[in-house]
Each structure stands twice: as structure tokens, then as C-alpha cells.
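Could you slot chain P onto chain E? The hints should help.
Number of protein chains: 2
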Amino acid sequence: MKKISLYDTTLRDGTQAEELNLTTEDKIRVARKLDELGLHYIEGGWPGSNPTDKQFFREIRKHRLSTARITAFGSTHYHRTSAEQDPNLASLLEAETPVLTIFGKTWDLHARTALGVSLERNLELIHASLEHLRPHVDELFFDAEHFFDGYKANPAFTLDCMKTAHEAGADILVLCDTNGGTLPHEIVKIMADVQKHLPDAQLGIHTHNDSELAVANALVAVQHGAVQVQGTINGYGERCGNANLCSIIPCLELKMGLDCLGAERLKMLRDTANYVSEVANLRPFLRQPFVGAAAFAHKGGIHVSAVLKDSETYEHIRPESVGNHQRVLLSDLAGKSNILFKAKQCGFDVDRNDPRLEILLDDIKAREEMGYEYSVADASFELLLREKLECPDPYFTFHNFFVLDSKREEDELPLSEATVIVSVRGERAHTAASGNGPVNALDRAVRKALERFYPRLKEVRLKDFKVRVVSGVLRDTGGTASFVRVLVESSDGQNHWTTVGVSHNIIEASWQAVVDSINYKIHLDECEAKAGKGDPGAP
Amino acid sequence: MKKISLYDTTLRDGTQAEELNLTTEDKIRVARKLDELGLHYIEGGWPGSNPTDKQFFREIRKHRLSTARITAFGSTHYHRTSAEQDPNLASLLEAETPVLTIFGKTWDLHARTALGVSLERNLELIHASLEHLRPHVDELFFDAEHFFDGYKANPAFTLDCMKTAHEAGADILVLCDTNGGTLPHEIVKIMADVQKHLPDAQLGIHTHNDSELAVANALVAVQHGAVQVQGTINGYGERCGNANLCSIIPCLELKMGLDCLGAERLKMLRDTANYVSEVANLRPFLRQPFVGAAAFAHKGGIHVSAVLKDSETYEHIRPESVGNHQRVLLSDLAGKSNILFKAKQCGFDVDRNDPRLEILLDDIKAREEMGYEYSVADASFELLLREKLECPDPYFTFHNFFVLDSKREEDELPLSEATVIVSVRGERAHTAASGNGPVNALDRAVRKALERFYPRLKEVRLKDFKVRVVSGVLRDTGGTASFVRVLVESSDGQNHWTTVGVSHNIIEASWQAVVDSINYKIHLDECEAKAGKGDPGAP
Chain E
1 MKKISLYDTT
11 LRDGTQAEEL
21 NLTTEDKIRV
31 ARKLDELGLH
41 YIEGGWPGSN
51 PTDKQFFREI
61 RKHRLSTARI
71 TAFGSTHYHR
81 TSAEQDPNLA
91 SLLEAETPVL
101 TIFGKTWDLH
111 ARTALGVSLE
121 RNLELIHASL
131 EHLRPHVDEL
141 FFDAEHFFDG
151 YKANPAFTLD
161 CMKTAHEAGA
171 DILVLCDTNG
181 GTLPHEIVKI
191 MADVQKHLPD
201 AQLGIHTHND
211 SELAVANALV
221 AVQHGAVQVQ
231 GTINGYGERC
241 GNANLCSIIP
251 CLELKMGLDC
261 LGAERLKMLR
271 DTANYVSEVA
281 NLRPFLRQPF
291 VGAAAFAHKG
301 GIHVSAVLKD
311 SETYEHIRPE
321 SVGNHQRVLL
331 SDLAGKSNIL
341 FKAKQCGFDV
351 DRNDPRLEIL
361 LDDIKAREEM
371 GYEYSVADAS
381 FELLLREKLE
391 CPDPYFTFHN
401 FFVLDSKREE
411 DELPLSEATV
421 IVSVRGERAH
431 TAASGNGPVN
441 ALDRAVRKAL
451 ERFYPRLKEV
461 RLKDFKVRVV
471 SGVLRDTGGT
481 ASFVRVLVES
491 SDGQNHWTTV
501 GVSHNIIEAS
511 WQAVVDSINY
521 KIHLDECEAK
531 AGKGDPGAP
Chain P
1 MKKISLYDTT
11 LRDGTQAEEL
21 NLTTEDKIRV
31 ARKLDELGLH
41 YIEGGWPGSN
51 PTDKQFFREI
61 RKHRLSTARI
71 TAFGSTHYHR
81 TSAEQDPNLA
91 SLLEAETPVL
101 TIFGKTWDLH
111 ARTALGVSLE
121 RNLELIHASL
131 EHLRPHVDEL
141 FFDAEHFFDG
151 YKANPAFTLD
161 CMKTAHEAGA
171 DILVLCDTNG
181 GTLPHEIVKI
191 MADVQKHLPD
201 AQLGIHTHND
211 SELAVANALV
221 AVQHGAVQVQ
231 GTINGYGERC
241 GNANLCSIIP
251 CLELKMGLDC
261 LGAERLKMLR
271 DTANYVSEVA
281 NLRPFLRQPF
291 VGAAAFAHKG
301 GIHVSAVLKD
311 SETYEHIRPE
321 SVGNHQRVLL
331 SDLAGKSNIL
341 FKAKQCGFDV
351 DRNDPRLEIL
361 LDDIKAREEM
371 GYEYSVADAS
381 FELLLREKLE
391 CPDPYFTFHN
401 FFVLDSKREE
411 DELPLSEATV
421 IVSVRGERAH
431 TAASGNGPVN
441 ALDRAVRKAL
451 ERFYPRLKEV
461 RLKDFKVRVV
471 SGVLRDTGGT
481 ASFVRVLVES
491 SDGQNHWTTV
501 GVSHNIIEAS
511 WQAVVDSINY
521 KIHLDECEAK
531 AGKGDPGAP
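Chains as they are written, first to last, in the UniProt record's numbering: chain E, 1 to 539; chain P, 1 to 539.
Excised from the complex, chain E in its bound form:
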């Protein structure tokens, strides 16, 4: 079975998308998730171009990754300097990654217009840049920018660029359809000519979706000999996006019989896609192939009855193979095994026929229809499991809160203050605090009240706070309405956890997420105390 390597550029080319903006912490989280999925290369950014990317390469070194190799990306050296003195190439080496990817111009129009150099000088830039970097890295890839457009305009020059990169030591020559305008049959024809001229070069493919053909073009290239596929999660990228790895991977694995992740990891695909869209705070695309919420949703009466007889009748693959599930509006049979799986993961000993499981399933379905998103909010999910399966005593009782925000001058920041009354084991605590906004003030006030009883709450910091309007289903009427979903990420220095709240009212949604965060921390400390100085559970 031929092995195809998967090269993810969500963190670099993906962030060229209009709506995608990631902090360094976001990037670290995404990189770790992609490593878990089993991708082979993760392009972390362009260290020469901005401080966020530089920071990423410093941070990611502290994490031990299991399968992925981190890659830094940059251009050939500036034409008025030398490779040795080029600050861009220097910052690539400072990134200290085992793999580097250099892009160079291979379209004569671009060399002349965008760079403003002669075609000869362009070949020198490619050669000198790759030769300079070669001794410092394990693997060196060459991204041939605008390869197909370049070939169509001036095949001799484009092939010269490829030969130069090959001779200068590039391990893989990546053919880029940068503008996304190439048709599948053109890919076939042009690749054949490259292979004729460079029979011993390894080829990769990097396509864009401007003609809605990025996935097809990538697959066709693999069929004709490409050994590496570049793309992004959910197809994020500039303009119409990059080739969507969430479609390419299952096509390679399930339809073309090629090995990239293996069947077990493939099941994490949907979870990974959702995770990245949540970190990016972007609405997932409902109709997205393979991993979208509608990908295996059946509406028509004929389809539903046929699917219930034999799901192969209207489903091209088994949804579970990519971690998705069939949705049939009448009776959703999926879910029970997922919950069982997660419950066991959290340490609960539940039997498949336990009647509490049905109640839990109903409750989770109702909540997810409203907009709760448990795939990211693991801590809230674990608390819900505990509540339904163990009915523990609450750590504290809520009585009331008031939050006041006031602003008296145009240029003055508003003042936010909160008062909270709670009680623990019959003892009341009434506290007040101020903060950067109502949620921050509320969070500080309630923690201040509880710290007397649970001193380790002092360790908790709110790391991130995300709010989105979601269209939830109104259970009573079957209609839909706008809800607000709040995701809160907390940390006590050692553990990180995410909690969720959903309500019509943003303060209520935030309150739910904050309360879950506090309860989760107390629970973690309890587990740690029980286990002596052992592992504090699964954060």
C-alpha cells in the first residue's frame, strides 16, 4: 500500500482566510490537535513575516509531538542580498524546525512583475536559498508557486526552476496551483511532462479552491504520482480556500485505498474539524463533505425509509469511519455508544443497558440542539455526566448576584462591579469585586466568596472567553431561535479546561460557564486529594 504524506498548512496558508485570525496560543492548541490526528507535517507559519509566528516556533518546542514534524515556511532570499545575509532565511533557521519549506517563483510573469528580476536571477535565488538551508535541516521542500500557470505560460522556464530546486537539494518539489484556476486534466498532462524531465524527483501537490476543484486536483495528482498532499483543515485559506484535508484524507483512505492516517485515527477527523473551527471561533459549514453536520442528514421521506432499511442506499461511506453520524429526524440512533465511550473515559462504570444512560442521552440531545457544544467543552461534559450518574452534593448554593457597568465620559473606560451571595454548607458569603466587564467582575466576586472554603480557587485564571450567537432549536415549539453560546477556557497553571454556557441572555450563558469552571476546579482538587499527589484526573 502506497504511503502518502499529509502536509497541513492551516496555521500558515489557512490564516490568509479573511475571517481566520489565530493567537499564538490558538496555534499551539491547533498544532497539538493535528498531531493527535496523525498528520505528518504541520506548517506553523512564516517566522520572517510576523511576531505571532516567531513566538509559535519558540513555544511549540516545549511540546512533545507524537507523529507530526513542525515545518517553517519562507520565501527564497531577497534579490538584492545573498542567501547568507538574508534576514528571512536567518529567521527560518532560528525557528529550529527539522523541516523547512521554501517557496519560489516559477511563473515568468511573477519573476518579472512581482519580484522584478530577470529569469536567470530567479534561478539563482532558488538555488542559493535551498543550498544555504540544506545542511541545517532533515527535510527541505520546495513550493513551486504558480507552477501550473507558469508552465502554461513558459514551460521551459518553469521546468528550469524545478530542475534547479531539485539539484539544490529539495527533497520534494511541490506543484502549487496558487490561483486555483487549473482543471484536473491539465494537472495530469503537466505532471506527465515534469516526470519526463525529472524522473527521479519526488512531487507534492498544493491546490486552491477558486474553481471548486481543489480536492479533485489533489486526488488526480496523487493518482499520477504525487507523494505529498498539502491542504488545510476545513479548507480554510485565502479567497476560496485551500484544498480541504477533511475531504482529501477520507477519499485517499476509503476510496483510493491509500494509507495516510489509518482507520482508527480517521475516526477523529470530524472532531478535529470541529475543534479547529471552535478555536478559530468560526461557524462550521453545515454542508461540508464528510465532517459537516448535514453530511449524513436525511430529509426526504423516501431517502429516510430507504436509509433505515439499508444505509448504503443513500450514504457513500459509513459516517462513523470519519467520526460523523447519520442524522435522521425521526429517531437518532447514534449517540449512546459515544456517551458510553466518553463515560468510561471519565472513569464511570456504566453498563450499556443502564436506564440512566437513556435519560442522559435525552438531556444531551436537548442541550446540543439548543447550542451546547460538548466536543470542545470537555469539563462541562464531565460535570454533566457526574451530575446525572452520581448526583453529587453541590459544592455551593447560589442566592443572587448584581452586576453594574457604568460609563460617565466618552474617553473613560466603563467600571464594572458585581456583588454575589452564595453559601457553602449553610455558611453565607457576600462579596463584591470589580473587573474588566461584567463577566470578569462576576467571576472575581464569586471566586472571592468561595476561596474561603476552597482556597485553591486562587490558582484559577480565565484564559479565554468566546461568545457566539447560535441558532438553537426551541424544544417546546420545534422552531428555532437565537441563543448565545459562551466558551470559557480556564487554567490553574497545571491543567487547562473548557466550559460552556448557552442562554438567550449572555450574562446567564457566561455565568453557567464560570460556575462550571469553578466546579471543575474543585472537583479536580478533590480527585487529586483522594489520589494523594497523583494524577488529578483527565483534564
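Hints may be right or wrong, so weigh each one.
[Stated by the list, open to error] In silico DSSO-like links for lysine-lysine, alpha-carbon gap of 27 angstroms or less: (1) P:Lys365 x E:Lys54; (2) P:Lys189 x E:Lys2; (3) P:Lys3 x E:Lys189; (4) E:Lys255 x P:Lys152; (5) P:Lys255 x E:Lys189; (6) P:Lys2 x E:Lys189.
Hints were generated in silico from the structure; no laboratory data involved.
Since we're looking at a predicted model, the values are computed, not measured.
Relative to the frame of chain E, chain P by itself:
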């Protein structure tokens, strides 16, 4: 030049999409718009299956269409009756369309499992249904459901179905990839075999996007002899959708040199795509190829400077050829050329050497470092340009606000109330309002105060609200700190705009975005008033 006929099924297969629900009036509006675009066939629905579709066929007869022929869709007759006595076929004839499309089973699994008939009976159903309808219509098409899956399972049976349909008088045999699981090279191989067995049959293609290959599969089929392409506007359809005509048409016209609409009508493509999404009340997909808002949007500094030199460098077609236009996004890589471009687009006459441009650039950079995201918040950016370039009088003066959120019971929603004092031309207004959270209450209170002076603010609705924590740069110290970024999307029914606010305090950030939204609406109305009843500027 070969002529390809375009067959739209937005009104039938498209409405199988989870989110797409159209009334009869909606369907009439869409059909007239598709006729204006120049599509050749418009499948209006399945008259046997629901009253909306029956009504559509009665109504559409009253409209004179210029190019399109209306088509009714239905299945082969019920297996326990005859074609003559089948109510489904009768309702097709009652639709009185010049064209009918009949779908039949061509996969043995489906004939046996879904219909529950023998393979011989299935052939009879196809033959009798088509033969019965043939004398009553100008054109008769046969949709071979699950054609490719059927062929892979039992080629002899599938080819028998095709021969039967051909002999019974079908003008075109439409090969359907109903489950969307077929790869482009399989289309080529299977079509060649059909053509060998039925050399004088005309073929059509109908694909689904479950593998993100619907457009590629349709194009490949045309290259190998299909004369009709079926699809939907924006790719709407069940699960992952149908083949997207908005991508197929420009590929055929601009890349494959085939005639379908002609260059003039092709320019209406984007307008048509937006019109259909408006009628359906669905958010257009930002990254949609050819017609999406991001399809020709450039963000990276390198791309922007190259595109300004020669747009071919990063655009695969001229955006105007499909009625779209180039957009330059601002981002933290923003340079002088980006801003100059945007200023000109907003109607400001600024010279490259204008000293105000330097000040503006510095200001924008400082704001983007803090976390302002002007690439999405076009309205806030335009207001900033106006402020810096024209120093206009403010529309109102802020004095103060108070917001109170209170919650008194565990199961009670918090109550949010706001009071605001503002003045317009020396006149003070003091109002209060409640809402689903502090920002909603604040927004309502300030608009209530201003509606006395600017009555058209009543038209504005907050459509979406997004909050996230960003790591901004502290200008004074060079360190970083957490800021909150709020994005607000507003609409007055006609125009949509997005505004942004950034602050340590979420209430302040929201306040900025809300104030920008109000100012932008007043500004839009002013422009409209100045222009008479003309275009209100570039929203």
C-alpha cells in the same frame, strides 16, 4: 463551439437541503431570476409529492419566460399499478410543462431493497412510464438514479435500464451520482462503457458533493461527451449539496471554451447567486468560488502589492466576468497601497503623498496591533477614514450609561437593564431599556434615545454578535495584554454592515461596535438622501 444545456434543479433537488424552505412565491421569484440568467431548463418540483409544487406549476404558466423551459419531475409509476392509472404520472401531465423528467432505479440494490421489485419488473416500470408520457411532451429526460453505484455493483443490469429508457423514447439519459461517492476517473471509465453500448444516446450528468467532487465530476463528464449538466444555484441540496452551477458555468465558459450562457449573461452570475440566497434567507457562503464575497479578496501584503501591479498575478479569471469584484482586505500586514485602494473605493480622493495618509496608516497599525480587525469590519473602517480625512461633526454626544444585570434565583434568567443619556444638537435624551444581556439592553436604550432625531434607526437589527479575547500589543510598554474584540453585524433589511470594538472591558468594546453601527446607518441614510433616491453608497 459545442453547446451545453444547463438544467437547474434548485427548486426540486435543492430544496432537499436541511435549511432550504421555499414558498410558492419564492419559487416563482427564483424561476424568473434563473430565466433572466439564461438557464435552459428549470425543474420546478415534483407535482405528485406536495401542494407547494403543484401550485408552482399552475402559477408559473402565467409568466412569460425568455429562455428557460419549465420541467416537472417525478418517478416511474408505482409497481402495483399501471402507467395509465398511476396518480403520480397523471399529476405530471397536469403540470402541463413542455418537458418532463422521470427518475428510475438503475441500481439492483435499490430496485430490490427500496422498491421491493424484481429486476425485470424494474425494467418494465421504466419502459411503461416513459412510453406513456412520450406523446404528451416536447422533451423527455430520464434520470438514472444511482447510476454509477449501480454500474459498479451490476453493470449489465444498469446498462439494461439505460437501453430500456433509450428505446422508450427518452431524449437524454442523465447519469446520476446520487450518493456523491464517485471519483472523476470512475466517471470517465463508466461513461466510455455506456457510450460503447448506446452509441447514439445523448447523455447528461447529475452529481452530488459528498466527496467535494461534484463540480469536477460534472466537468469531466462534459469533456467525455455529456450534453446536459444538472445542478443547483450555490450548490444547495440534500446532505452536502448538488453540483454547484455557479462554479460549473464559469468553468465551462471561461476555461473549457464551451458555450452555455454567453459572456453578457455570465456577468449576472453573482447577482443571481445572491438573489437566491436572499430569497431563501440563507447567509451566503463567504468562500464560495467565483461568486463569494471572498473569491477575489486579497489579504497578504505580498499578494496585495502584486495584485495592484497586475491582477492576473493572483486572480485566475477577471472577477467582472462573473459579476464579482476585487477586494483588498486590511490586516496586520496592511500597507499604504491597501489603504489607498480602500479609500478610493469609499469615494475619498486621496493622493499617495497626502500627509494625512501617513497619520492614518499609523493609527490603523496601532489599532490592529491592539486587536481591531478591519478586514471584516468594513463599516468601522469607513467611519475611521471619514473621521481622519474629513473630520465631520459627530451625529450625537455621549454623556453616560448605566447597565444593571441581576439574578435572584438559580433557575431564573438574569434581568438586564440599561439607562443612557445622549444629546443631539444640544438636546438631551435620557432613556432606559431592558434586553437579553447588557449589550442588548444598552443597544436598545441608545437607539431609543436617538430614534427621535434619526427615525430610520428603527430599521436596524443586530444580526450577529461575536466576542473573543485577543492578545493585543500595549503601545506604551511594548508588552502584550488581553483585549476583548467584539464584532457586530447589523442590517436594515437592504444593507448589511459589520463594526468592531476593542477594549480591556467587554462593555466598552461592545459599546464602540454598537456606536459605529448606529453612526454608519445614519451616514448611509445621509448619502441616500444626498443622492436623491439613488444608490446609498457602497455598503
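Consistency of the hints with the structure:
Note on Lys365 (chain P) and Lys54 (chain E): the hinted pairing holds, with a Cα-Cα distance of about 19 angstroms set against a maximum of 27 angstroms. For the proposed pair Lys189 (chain P) and Lys2 (chain E), the alpha carbon gap of about 23 angstroms is at most 27 angstroms, so the pair holds. Taken as a hint, the Lys3 (chain P) and Lys189 (chain E) pair is honoured in the structure, with Cα atoms around 25 angstroms apart against an allowance of 27 angstroms. Note on Lys255 (chain E) and Lys152 (chain P): the hinted pairing holds, with a Cα-Cα distance of about 13 angstroms set against a maximum of 27 angstroms.
Only pairs whose Cα atoms come within 27 angstroms are accepted, and Lys255 (chain P) paired with Lys189 (chain E) is accepted, the gap being roughly 16 angstroms. Of the supplied pair hints, the one linking Lys2 (chain P) and Lys189 (chain E) holds, its CA atoms being roughly 23 angstroms apart against a limit of 27 angstroms.
Of the numbered hints stated above, none is contradicted by the structure.
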